[in-house]
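Given chain A, work out where chain B should sit, using these hints.
Sequence order for the protein chains is A and B. Numbering of the first sequence is given in the working numbering, commencing with residue 10 and proceeding in unit increments. Numbering of the second sequence is given in the working numbering, commencing with residue 10 and proceeding in unit increments.
For the record, the hints were derived by calculation from the structure and aren't laboratory data. Using N, Cα and C, we set each Cβ at its ideal position, and we do this for glycine too. A couple of the hints might just be wrong.
[Claimed, not checked] Not close to chain A: a few residues of chain B, all C-beta gaps over 10 Å, as computed:
| no. | residue |
| --- | --- |
| 1 | Asn50 |
| 2 | Leu107 |
| 3 | Gln196 |
| 4 | Thr204 |
[Claimed, not checked] Between beta-carbon pairs, the in silico distance windows are:
| no. | chain 1 | residue 1 | chain 2 | residue 2 | range |
| --- | --- | --- | --- | --- | --- |
| 5 | B | Glu106 | A | Pro13 | 55 to 63 Å |
| 6 | B | Asp325 | A | Asn108 | 55 to 63 Å |
| 7 | B | Val26 | A | Asp188 | 20 to 28 Å |
| 8 | A | Asp117 | B | Gly294 | 58 to 66 Å |
| 9 | B | Asp190 | A | Val302 | 49 to 57 Å |
| 10 | A | Pro13 | B | Pro70 | 53 to 61 Å |
| 11 | A | Ala327 | B | Leu292 | 26 to 34 Å |
| 12 | A | Thr79 | B | Phe249 | 29 to 37 Å |
| 13 | B | Arg119 | A | Asp58 | 39 to 47 Å |
| 14 | A | Glu76 | B | Pro13 | 53 to 61 Å |
[To be verified] Here are some of the chain A residues that sit facing chain B, going by a computed Cβ distance under 7 Å:
| no. | residue |
| --- | --- |
| 15 | Val151 |
| 16 | Pro176 |
| 17 | Pro180 |
| 18 | Ser251 |
| 19 | Ser252 |
2 protein chains.
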Amino acid sequence: MSYPHVFSGNPLDRADVLRRDETALADAAAAAESRYLLLWNLNVLIIEDHEAPAIAWLTAPDVQRLEIDTPPVLLGLDRGVAHFTLDVSALGDPLHELNLGPPWQFADARAAAARLPMAETGILAQARSQVDWHRRHGFCSVCGTRTHQFKGGHVRRCSGCGAEHFPRTDPVAIMLIVDGDRCLLGQSAGRLARTGMYSALAGFIDQGESIEEAVRREVLEEAGIRVGRVRYHSSQPWPFPSSLMIGCHGMAESVDIRIDQEEMTDVRFFARDAVRAAMDRLLAGTPAADPTVLKVPGPIAIAHHLIRAWVDGEVDFA
Amino acid sequence: MSYPHVFSGNPLDRADVLRRDETALADAAAAAESRYLLLWNLNVLIIEDHEAPAIAWLTAPDVQRLEIDTPPVLLGLDRGVAHFTLDVSALGDPLHELNLGPPWQFADARAAAARLPMAETGILAQARSQVDWHRRHGFCSVCGTRTHQFKGGHVRRCSGCGAEHFPRTDPVAIMLIVDGDRCLLGQSAGRLARTGMYSALAGFIDQGESIEEAVRREVLEEAGIRVGRVRYHSSQPWPFPSSLMIGCHGMAESVDIRIDQEEMTDVRFFARDAVRAAMDRLLAGTPAADPTVLKVPGPIAIAHHLIRAWVDGEVDFA
Chain A
10 MSYPHVFSGN PLDRADVLRR DETALADAAA AAESRYLLLW NLNVLIIEDH EAPAIAWLTA
70 PDVQRLEIDT PPVLLGLDRG VAHFTLDVSA LGDPLHELNL GPPWQFADAR AAAARLPMAE
130 TGILAQARSQ VDWHRRHGFC SVCGTRTHQF KGGHVRRCSG CGAEHFPRTD PVAIMLIVDG
190 DRCLLGQSAG RLARTGMYSA LAGFIDQGES IEEAVRREVL EEAGIRVGRV RYHSSQPWPF
250 PSSLMIGCHG MAESVDIRID QEEMTDVRFF ARDAVRAAMD RLLAGTPAAD PTVLKVPGPI
310 AIAHHLIRAW VDGEVDFA
Chain B
10 MSYPHVFSGN PLDRADVLRR DETALADAAA AAESRYLLLW NLNVLIIEDH EAPAIAWLTA
70 PDVQRLEIDT PPVLLGLDRG VAHFTLDVSA LGDPLHELNL GPPWQFADAR AAAARLPMAE
130 TGILAQARSQ VDWHRRHGFC SVCGTRTHQF KGGHVRRCSG CGAEHFPRTD PVAIMLIVDG
190 DRCLLGQSAG RLARTGMYSA LAGFIDQGES IEEAVRREVL EEAGIRVGRV RYHSSQPWPF
250 PSSLMIGCHG MAESVDIRID QEEMTDVRFF ARDAVRAAMD RLLAGTPAAD PTVLKVPGPI
310 AIAHHLIRAW VDGEVDFA
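Okay, chain A solo, but in the shape it has when bound:
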């Protein structure tokens, strides 16, 4: 099943053919009907004059006034209209230079995503990951010389050795491990520990490792639990900065938890009833204030959907 995850559902055609033609790309970037999504220090320009916020698309004439050296990155086409994203972090106060004020604002991408229309969260994911990658890849990792972007941002080429560099996407395994009528949830060091929230375990997939191997390795490292069967559930782009969350369920083959104290502050098995109650409180908008009462992640995170599928009896290891 294709899950309707936040940060997926991008409706733009990524326009692989247009990307191969630098002249057509330049024409599209200057065309009056083309649209621009602005990022400033990775915050996204939105407009909030209705009930819900929306991406504030600007036009080519708007952005030409800004005299930004950074080239725009092509996101794709919508019914023939080119959509770009532009990093305006070089400006001290881009809203002022654009003569914009409220209801326009630069918003934190994660906070905005929880309220933007679903299709716009997909566009935001693409834009934020691509801009972040270009910001961090102005030099060639092979020889140290400056790089420049081509193909509308799908490649950077070294002006010294000619090496080509492509935007990276980091696959992350995120897994709900099940032992009969209990599931394994953890608090990683940092943010979650102060909130009473427990979530699915997760970690980057290493080089030379399958998804299923990464699930087993991470759970063994973080919690000391051996995992047998692994079932893929769904996947979600997560643009902080450019992860691909690959959600799975796994069957526990051992029960004695041994926590990696550097990575995790707590890992426990929770009974299905307790997890269902936490999910019900969350969905009812009445999470427990008591930090000792279990809380689970909200629907912006794939972990929420992994937990919910198991609570609802949808996980089948057969």
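Frame of chain A; chain B shown alone:
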């Protein structure tokens, strides 16, 4: 199901805790019992004095004679013994310097993988991807200054700006698209076109894209076919240089093929009987010499297993 793909099944413990202790890492690298897998221009040192080849593990005293500046990369632990890989590409003739000749040889990694024991192909995948990444990341992509490795090779840190860089794994969607009793196979520009071999379509997953979205986009771009339901099958590390092949089946929702002529030389629907016959010839070791007769990929590739699962009636879109 966890599929026994070539390049998976690495038995080493990646030793996350040992990686955090630079002194312990240095001790392990110098320990007489530690073992070294050598790569020379990405070819792997094997020994072939029995019926089948095997990785030729060397010892710390062996490699100390080589006076290589490149630091070893920790692969992991096997029953407490540290296993490293070492890039000896700086040497003109490492076999000579090691006083080794036949049956020792540096072999092409892909050719060797088809004959090595399965567990060793997993180790080879990890080693080849890691060495390739370090070779291409001696400089910081943020500021152009030199980088140095830490954590046994799990991070490179910039000596200028301090930015940390992590080995990359590139997720690739590879998909067998099914239309009733036919499946969609293609020849990409290049190698396959000269052999009569057709394979599953594939492409890198973009930033801000789920696995399922990448499957639909790539098939639409390369073949003009719309895809509905997508089902995950299995995944395979593919160390050329560092892909994670994510294998899926998908249901065609249109039938008129429109080929991307820059990427593909041919894409066609093939009847199940024709594909089964090609699979039977391959497994019997009697592929057709005639380049106009369908050939399918061998079992080293995940495409083989996607095709075989469909031929065998194991694909369920319900």
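Going down the list of hints, with the structure as the test:
no. : hint                              : in the structure
1   : Asn50                             : holds, 15 Å
2   : Leu107                            : holds, 25 Å
3   : Gln196                            : holds, 18 Å
4   : Thr204                            : holds, 26 Å
5   : B:Glu106 <-> A:Pro13: 55 to 63 Å  : holds, 59 Å
6   : B:Asp325 <-> A:Asn108: 55 to 63 Å : holds, 58 Å
7   : B:Val26 <-> A:Asp188: 20 to 28 Å  : holds, 25 Å
8   : A:Asp117 <-> B:Gly294: 58 to 66 Å : holds, 60 Å
9   : B:Asp190 <-> A:Val302: 49 to 57 Å : holds, 55 Å
10  : A:Pro13 <-> B:Pro70: 53 to 61 Å   : holds, 58 Å
11  : A:Ala327 <-> B:Leu292: 26 to 34 Å : holds, 28 Å
12  : A:Thr79 <-> B:Phe249: 29 to 37 Å  : holds, 33 Å
13  : B:Arg119 <-> A:Asp58: 39 to 47 Å  : violated, 57 Å
14  : A:Glu76 <-> B:Pro13: 53 to 61 Å   : holds, 58 Å
15  : Val151                            : holds, 5 Å
16  : Pro176                            : holds, 5 Å
17  : Pro180                            : holds, 5 Å
18  : Ser251                            : holds, 5 Å
19  : Ser252                            : violated, 10 Å
Violation of the numbered hints given earlier is confined to hints 13, 19; the remaining hints are satisfied by the structure.
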